[in-house]
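Chains S and Z are the protein sequences, given in the same order. When you line the first sequence up against my numbering, it's residues 33 to 382, in that order. When you line the second sequence up against my numbering, it's residues 244 to 556, in that order.
Please note that the accuracy of each hint is not assured.
Claimed, not checked - Result set (DSBU-like, lysine-lysine): computed pairs, CA atoms no more than 30 Å apart in a straight line:
(1) Lys548(Z) x Lys346(Z)
(2) Lys548(Z) x Lys524(Z)
(3) Lys352(S) x Lys368(S)
(4) Lys214(S) x Lys455(Z)
(5) Lys346(Z) x Lys352(S)
(6) Lys314(Z) x Lys455(Z)
Hints in this document: simulated from the structure, not taken from any laboratory.
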Amino acid sequence: MTALTAPKSTNANALLLLLRLRTFVALILVLAFFSWAAPNFLSTANAVIVSKHVALNALLAIGMTFVIITGGIDLSVGSIVGLCAMVAGWLMLNGINLGIGYTVWFNTVEIVLIACAVGVSVGIVNGVLITRLGVAPFIATLGTLYIARGAALLSSGGRTFPNLSGSAEFGTLSFPFIGAGKILGLPIIIWLLVLVGLLAHYISRRTTLGRHIYAVGGNERGAQLSGVKVNRIKMFVYMFSGFCAALVGVVIASQLQASHPATGETFELNAIAAAVLGGTSMSGGRGRIGGTIVGAFVIGILSDGLIMMGVSSFWQTVIKGVVIIAAVVVDQAQNKLQARVALQQEAANK
Amino acid sequence: MNLKRRLLMSAIAISMAGALPSFAAAEGTIAIITPSPDNPFFKAEADGAAAKAAELGYETMILVHDDDANKQSELFDSAIAAGVKAIILDNAGADASVAAVQKALDAGIPSFLIDREITATGVAKSQIVSNNYQGAQLGAQEFVTLMGETGEFAELLGKESDTNAGIRSQGYHDVIDQYPDMKMVAQQTANWSQTEAYTVMESMLQANPGIKGVISGNDTMAMGAYAALEAAGRTDVIVVGFDGSNDVRDSILAGGIKATVLQPAYEQAQLAVTQADAFLKNGSTGVDEKQLMDCVLINGENASKLETFALTE
Numbered sequence: 033m034t035a036l037t038a039p040k041s042t043n044a045n046a047l048l049l050l051l052r053l054r055t056f057v058a059l060i061l062v063l064a065f066f067s068w069a070a071p072n073f074l075s076t077a078n079a080v081i082v083s084k085h086v087a088l089n090a091l092l093a094i095g096m097t098f099v100i101i102t103g104g105i106d107l108s109v110g111s112i113v114g115l116c117a118m119v120a121g122w123l124m125l126n127g128i129n130l131g132i133g134y135t136v137w138f139n140t141v142e143i144v145l146i147a148c149a150v151g152v153s154v155g156i157v158n159g160v161l162i163t164r165l166g167v168a169p170f171i172a173t174l175g176t177l178y179i180a181r182g183a184a185l186l187s188s189g190g191r192t193f194p195n196l197s198g199s200a201e202f203g204t205l206s207f208p209f210i211g212a213g214k215i216l217g218l219p220i221i222i223w224l225l226v227l228v229g230l231l232a233h234y235i236s237r238r239t240t241l242g243r244h245i246y247a248v249g250g251n252e253r254g255a256q257l258s259g260v261k262v263n264r265i266k267m268f269v270y271m272f273s274g275f276c277a278a279l280v281g282v283v284i285a286s287q288l289q290a291s292h293p294a295t296g297e298t299f300e301l302n303a304i305a306a307a308v309l310g311g312t313s314m315s316g317g318r319g320r321i322g323g324t325i326v327g328a329f330v331i332g333i334l335s336d337g338l339i340m341m342g343v344s345s346f347w348q349t350v351i352k353g354v355v356i357i358a359a360v361v362v363d364q365a366q367n368k369l370q371a372r373v374a375l376q377q378e379a380a381n382k
Numbered sequence: 244m245n246l247k248r249r250l251l252m253s254a255i256a257i258s259m260a261g262a263l264p265s266f267a268a269a270e271g272t273i274a275i276i277t278p279s280p281d282n283p284f285f286k287a288e289a290d291g292a293a294a295k296a297a298e299l300g301y302e303t304m305i306l307v308h309d310d311d312a313n314k315q316s317e318l319f320d321s322a323i324a325a326g327v328k329a330i331i332l333d334n335a336g337a338d339a340s341v342a343a344v345q346k347a348l349d350a351g352i353p354s355f356l357i358d359r360e361i362t363a364t365g366v367a368k369s370q371i372v373s374n375n376y377q378g379a380q381l382g383a384q385e386f387v388t389l390m391g392e393t394g395e396f397a398e399l400l401g402k403e404s405d406t407n408a409g410i411r412s413q414g415y416h417d418v419i420d421q422y423p424d425m426k427m428v429a430q431q432t433a434n435w436s437q438t439e440a441y442t443v444m445e446s447m448l449q450a451n452p453g454i455k456g457v458i459s460g461n462d463t464m465a466m467g468a469y470a471a472l473e474a475a476g477r478t479d480v481i482v483v484g485f486d487g488s489n490d491v492r493d494s495i496l497a498g499g500i501k502a503t504v505l506q507p508a509y510e511q512a513q514l515a516v517t518q519a520d521a522f523l524k525n526g527s528t529g530v531d532e533k534q535l536m537d538c539v540l541i542n543g544e545n546a547s548k549l550e551t552f553a554l555t556e
């Protein structure tokens, strides 16, 4: 019996390994394709540019991954991006008027911190709605999607905050540096991705918090019974997601040196796509930060590569959809195969 | 329960009746329906129409359809119910808006269209649109001159489902393609969006480092593209936009973007209100239904006179 199944199971194991690494395989495939098909794609300078574009979506997707692992969803991230961009723009141009003839102005660091605080606050609202008021995550964050976008529009009456190049008087000259500046030859947004990525990876793999995040998504009732503070864990993931979105908002405002209230529309969908492509299960309990980042790179390389090839944006949209569905189909295949291999091994061990 | 509901209804009826005389006190109310004012262009339309209406003694009712034809239809119902005298409309779709305008006409309310046409004639009293084709040709001619009639360039297209995106691109090419040394090396949509234009520009620049110029379907995309060029240290690249926004005006004055084309949104909306007023008083606008307004080239010479989509003298 053992002799008969052994070669089969080795094949299955090899296939399983390939399926597990599918996002990585997809990454190598798209890289190889565009290096061949798109002019100047394979260059250090372009690698930096692509990473810079990917970093925005990857940051959102990291926050989204934690949320999805707990079995939730955060639809509000795109609106938080817009709101935080507007907060940064507002603080740069208007300061905060105390109403008694004084206006408080902030320097770059303070502006970044306040914008992040706003993002985290929206996350807190999401968390409270979900944990205390029992609103389903999809509905709660759909609500905050509208509220945050509306607030962004209200902040400027729908206008763009232009010319955010900073002023020496208020210590904001360094604001454009966030989007355009480089450290050791790499744009700051890439360093942000590296930092947040490592932090999130560390949390998910090495900390109790991380184990609890997986536990909540895997079996919420079971986690609760074994002493996991489920509500606290959920609060954390939505706050973290809000924080990531705030970073993205600030970076975009700085890159464009302008903030527009429609910034970040549909970003939430790209973030979900990256997480799913990276192997995060929408039903919770399963997902990896590394996978999500690779997923974001696959999507980003696809769209940048197609732009460089001059392919119509209509096709870009279709292709993105196909890739996402393919990823989930492969995911299902992996699950089935995994179950079969496990059964075979069990049978073999008997 | 029933009594309560009846009381509520009568309360609403009384409050509505109370609200109506305040409309009637003036010449009547004009409804101004535009896409979302998060684009300053549409805001200028609404502001221009409202200012003119106030000047002529009308009350205004400013509504936003967010480019949603269904919402637009509902807004028409509300405007008809409120008994407005006329409707100024920047519509939500050439085909999808005909029924709404017809509905208003059937209720005895004339509509005056600005910025975008509908596919039917005889339904609206006026259709005043900017001559996008003429404007694009102006922009393209300036672009060709700035480029010295030679070199590689990229084009940023607007949302491809929007007719104006196509008309502008056509206008650009009908001029530029006459110059054999002008070579388009990249053409991509950035969906009218500043953020998208930024990333698309970065990628196009990677694929084609020899780009000397960028011609853009609108000003927001021109702003995004210029930010990307600035980040790449390529401020030598000539950027030309379309719309005549204050942001691009400031950039032109600071030596960034080189030129744009003004669509006189403010003036156009005012003209529509003037024609509405003429129609209400004399039963006729006195002009043809379809009217084209010429666009104006904005560059370093006249940029300082530009303010919210209007040139001051």
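Go through the numbered hints given earlier and state which of them the structure violates, listing their numbers in rising order.
1, 2, 5, 6
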